[in-house]
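Peer 1: Kindly generate the complete structure, drawing on both the sequences and the hints.
Using this note's numbering, the letters of the sequence shown correspond one by one to residues 650 to 720.
Hints should not be assumed to be uniformly reliable.
[Unchecked claim] Simulated DEER-style distance windows between Cβ atoms:
id : residue 1 : residue 2 : range
1  : 650       : 684       : 18 to 24 Å
2  : 694       : 667       : 16 to 22 Å
3  : 698       : 674       : 26 to 32 Å
4  : 675       : 698       : 27 to 33 Å
5  : 667       : 695       : 17 to 23 Å
6  : 671       : 691       : 16 to 22 Å
7  : 665       : 694       : 16 to 22 Å
8  : 664       : 698       : 29 to 35 Å
9  : 690       : 663       : 34 to 40 Å
10 : 696       : 668       : 17 to 23 Å
11 : 692       : 664       : 21 to 27 Å
Bear in mind the hints are in silico, worked out from the structure with no lab data behind them. No residue lacks a Cβ here, since even glycine has one placed at the ideal position from N, Cα and C.
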Amino acid sequence: MPKVLSQFSITQEADGYVLHVEDEDGDTTEYSATLDQIDDIAIAIEDLDVVDEDDPALLDADDEERTEDED
Numbered sequence: 650m651p652k653v654l655s656q657f658s659i660t661q662e663a664d665g666y667v668l669h670v671e672d673e674d675g676d677t678t679e680y681s682a683t684l685d686q687i688d689d690i691a692i693a694i695e696d697l698d699v700v701d702e703d704d705p706a707l708l709d710a711d712d713e714e715r716t717e718d719e720d
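Peer 2: Encoded structure:
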């Protein structure tokens, strides 16, 4: 069974980036990453197109139009 993500952070180091991933038990794993890999993570998250329609502050113009069309 997968571990439950508690939090993550990304820090810049002299030779790249470090992705810090913490699970619900407080165990932290660190991964070295290049800028391209960090960009790939950001793109993958954006591609999920997850929207919290209950929080209007999180909606952008496209999301608002989509929500109105569904009503």
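Peer 1: None of the hints should be skipped; say for each whether it holds.
Peer 2: Here is what the structure says about each hint:
Our hint of 18 to 24 Å for residue 650 and residue 684 is violated, since their Cβ atoms are close to 33 Å apart. At roughly 18 Å, the beta carbons of residue 694 and residue 667 sit within the given window of 16 to 22 Å. A beta carbon spacing of about 30 Å between residue 698 and residue 674 agrees with the range 26 to 32 Å that was offered as a hint. At roughly 31 Å, the beta-carbon separation of residue 675 and residue 698 lies within the given 27 to 33 Å, and the hint holds.
Between residue 667 and residue 695 the CB atoms are about 22 Å apart, so this pair conforms to the stated range of 17 to 23 Å. At roughly 19 Å, the beta carbons of residue 671 and residue 691 sit within the given window of 16 to 22 Å. Distance hint check for residue 665 and residue 694: the Cβ-Cβ separation is about 19 Å, which falls inside the suggested range of 16 to 22 Å. Between residue 664 and residue 698 the Cβ separation comes to about 33 Å, which falls inside the hinted range of 29 to 35 Å.
Residue 690 and residue 663 have their C-beta atoms about 20 Å apart, which leaves the hinted 34 to 40 Å range violated. At about 18 Å, the CB distance of residue 696 to residue 668 agrees with the hint of 17 to 23 Å. Checked against the hint of 21 to 27 Å, the pair residue 692 and residue 664 passes, with Cβ atoms roughly 23 Å apart.
Hint check: violations occur at hints 1 and 9; the rest are consistent with the structure.
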